[in-house]
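Chemist: Residue-level listing of the chains:
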Amino acid sequence: QSVLTQPPSVSGTPGQRVTISCSGGSSSIASNTVHWYQQLPGTAPKLLIYANNQRPSGVPDRFSGSKSGTSASLAINGLQSDDEADYYCATWDDSLNGRGVFGGGTKLTVL
Amino acid sequence: QVHLVQSGAAVKKPGSTVMLSCKASGYTFTNYNIIWVRQAPGQGLEWMGWISPYNGDKNYAQKFQGRVNMIADTPTSTAYMELRRLRSDDTAIYFCGRNSYDSSGYGYFDYWGQGALVTISS
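Which chain is which? The protein sequence lines are A and B, in order. Each residue of the first sequence is one higher than the one before, starting from 1 at the first, in the working numbering. Each residue of the second sequence is one higher than the one before, starting from 1 at the first, in the working numbering.
So here's chain A without its partners, still in its complex pose (with noise of 0.2 Å):
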């Protein structure tokens, strides 16, 4: 079971607009900065958004990202039908000594 909690799915139409969000804890979201990543099939992770809201050149700014207390969300405008992909938020959780966590991911299914 995973520190930080996601739906395992969301879907939507060409055009909308869809949100993932990432629900943690006072340890983890509430204390340090939540970033984003997008998983086509078969490849790896790419970073989509990090420090909560800031997207990595590149990036489509069709994609948002933020945070509010102990919970964070992706927010997609313009959906496409490339953007079917998982995704995933990650922080750190500082009642694990510093450690990595990551949500257990999200669907995206574009309709």
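What the hints contain is simulated information worked out from the structure, not anything from laboratory work. One thing to keep in mind: the hints can contain errors.
Dumping the calculated DSS-like pairs for lysine-lysine here, alpha-carbon to alpha-carbon at most 27 Å [said to hold, decoys possible]: (1) Lys13/B / Lys63/B; (2) Lys63/B / Lys107/A; (3) Lys107/A / Lys46/A; (4) Lys63/B / Lys23/B; (5) Lys23/B / Lys58/B; (6) Lys107/A / Lys58/B; (7) Lys58/B / Lys12/B; (8) Lys12/B / Lys63/B; (9) Lys13/B / Lys46/A; (10) Lys23/B / Lys13/B; (11) Lys58/B / Lys46/A; (12) Lys107/A / Lys67/A.
Mind docking chain B on chain A? Use the hints.
Modeler: Chain B only, in chain A's frame:
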């Protein structure tokens, strides 16, 4: 440009040891920690630990304490991850990654290796 290139797939017997490599290029190896993450078939990402190539400091997930050893060879800019006493549930793709830093001090993983499939089978 930054690259992390991992060693190839491996098939190991239960109880044996696997050592994976991750060769870094395109940046100063000692300036960033290297992390290891694994993904069992059909499952999510699991953080295994990190090593500092700068001073050799390490931090392993509790689950792997006593079975894992991470090494950083600075002359060759190569990180290694050794996992001992392999079990069938260690079958997974193992990824290395570069740990960049943010204001929190811990940071995020901005570059990843391509992954290496390790299969445990008798």
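Chemist: Which constraints among the numbered hints does this structure fail? Numbers only, ascending.
Modeler: Of the numbered hints given earlier, those the structure breaks are 6, 9, listed in rising order.
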